[in-house]
Amino acid sequence: MLYRRSSGFKWFMAFNSVVMLLLAASILVPFLHLLSVSLSESNAVVGGKVGLWPQGFNLDSYFRVFQHPSILAGFKNSVIQTALGTAIGLFMLTICAYPLSKRALKGRKLLILFIMFTMFFSGGLIPTYMLVKSLGLIDTIWAIVLPFSITPYYLLLMMTYFQGIPEEIEESAMLDGLNPFRILAQIILPLSKPILAAITLFLVVYYWNNWFNSMIYLNSTDKHPVMMIVRNIIAGSDLAGNVGQVGDTGNNISSASLKAAAIMSTTLPIMLIFPFTQKYFAKGVMLGSVKG
Amino acid sequence: MRVSPYFKRYNHYYLMLVLPIAYFLIFRYGPIVGNVLAFRKYVPGGSMYGEEWAGLRYFKMFWNDPTFWAAFQNSILLSVLNLAITFTLPILFALLLNEILNKKLKTIIQTISYFPNFVAVVVVVGILKEILSPTNGIVNSFLGQFGIDPIFFVNEPGWFRAIYISSDIWQFMGWNAIIYTAALASVDTQLYEAAEMDGAGRWRQTFSVTIPQILPTISVVLIISLGSMLTLGFEKVLLLYTPSNSTTSDIIDTFVFRMGLQNNNYSYATAVGLFGGLIGLMLVSAGNYISRKISGFSLY
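Quick mapping for you: the protein sequence lines, in order, are chains B and L. Here full-length UniProt numbering is used: the first sequence runs in plain steps of one and ends on residue 292. Here full-length UniProt numbering is used: the second sequence runs in plain steps of one and ends on residue 300.
FYI, nobody ran anything at the bench for these hints, they're computed from the structure. We put the CB at the ideal spot given by N, CA and C, even for glycine. A hint or two may mislead.
[Said to hold, decoys possible] Covered stretches of chain B (chain L as the covering partner; in silico rule of three or more C-beta atoms under 8 Å from a C-beta of chain L):
1. 16 to 23
2. 64 to 74
3. 159 to 172
[To be verified] Here are a few chain L residues that sit away from chain B, every Cβ distance over 12 Å (derived from the structure):
4. 30
5. 54
6. 60
7. 66
8. 77
9. 81
10. 82
11. 114
12. 147
13. 161
14. 201
15. 278
16. 292
17. 299
Kindly produce the complete structure, drawing on both the sequences and the hints.
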């Protein structure tokens, strides 16, 4: 290849690599800064002296965050919401995507249209709220996990994957007397681990990060997930009590450090699983993108 | 009664679909039907479909409401700006990433680039408020070194759009580029070799081979983003919304949220929401039509 030997191309390569590395750095900088703020001495934080490296070192703000009356309960609620939401979502997506991946199924096109339409036109915030309310789901976890159990986009990804599994495997299983339920459970699902992993991760991230639905559907604050509590801390409405406490103990923690610690500790689970699972995230999207 | 062989073979599949169809009827089409509330008068404690017909009363109400039109303008302006920028940058990013020949470097940059996609919007806004803080934010202390007085970015209407769009780029550019990276990886290398034989340089190859090859992908992404153009980012706007930046940060969705869930004007908010939804639907159709004309590719 001629152009690869030209000096212009080499310059471009070097320039491009530098630009891309700077871009990657700019993505990480806010996290580094916040981590430093959460770990720094409060005087340095208040003075705006903290850059990318902690000034001093203490974990006080983290202790304070975990002493916050509702944070631990929030973590527990988040885990429950995430586990239940993910389990229901996976189940519903699977039993919806599998039949629809059968090309010979009569009415399939119509059903797909019926589902895809909801991608482009949804009922809107208020009618959805009214529906959830009239079903008596307000202030229950069901209001969080039921209305969003099937996302048409994830359904498309799963359908595409199932369609790629050779039909012959199922034919022979059917001759052996297995019904489609058992074929799905014993043959298709074990063959679909990559897409199941990807969808599981998407759902886990969705439910872990969710706060809005909890805000509108859960009245009892003791049912709120941790993101909702972090949102209150960031908004400042939940900090008054903490600042009072800080004054009492004479332990000086700036509100900025507290917010930073709250942000870091709730993002930590995602940060920890991300490096090990990122290949599934990417795969999930790529699988669906081969032929939309 | 004789059961047809087709049904005998496929009945299990229909059985599986019972729950999902029930889900779509209840939770997706239920609210669509619930939009009838926009034409009916809601009485507190009454039916979710309202108690009596009100005709176009609620539509006329928002039609004559200047705060609605301000929100409408903000929505359109923010969406168009955001779409134009966050739609084109991932394509550029994917093209540049594709030029990096070192596999390891490429993987590292890509992995970092899509990490923010999984960060909660609450956290993103928390980070924004922290780094943009007028008292101890890193941005203001940086500007301070040039003698610039602290700016209360998140409260300034003039800064809202820039904050919103740049944080969207930060959060979603890498993730949105994945689909193009996948499309680029599947481009037949013979096409490049053939183009090179014909004397095409790097630029020529990009414009004559790469871009036409990923055009169908670009079209699909464009149609889908047009459809969600008006709804995207509602939570972030809501979190960034303050009364002092409301002249630019109040959009249709926050208007609906305020009117409906905070002021309990359910019918009025439903009417506004329905109007926004219909505009979204029109945009998808338009995008679909344009895509079919340009690239011959359409979703339906």
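> Against which earlier hints does the structure fall short, listed by number upward?
Replying inline: 2, 3, 4, 11, 14, 15, 17
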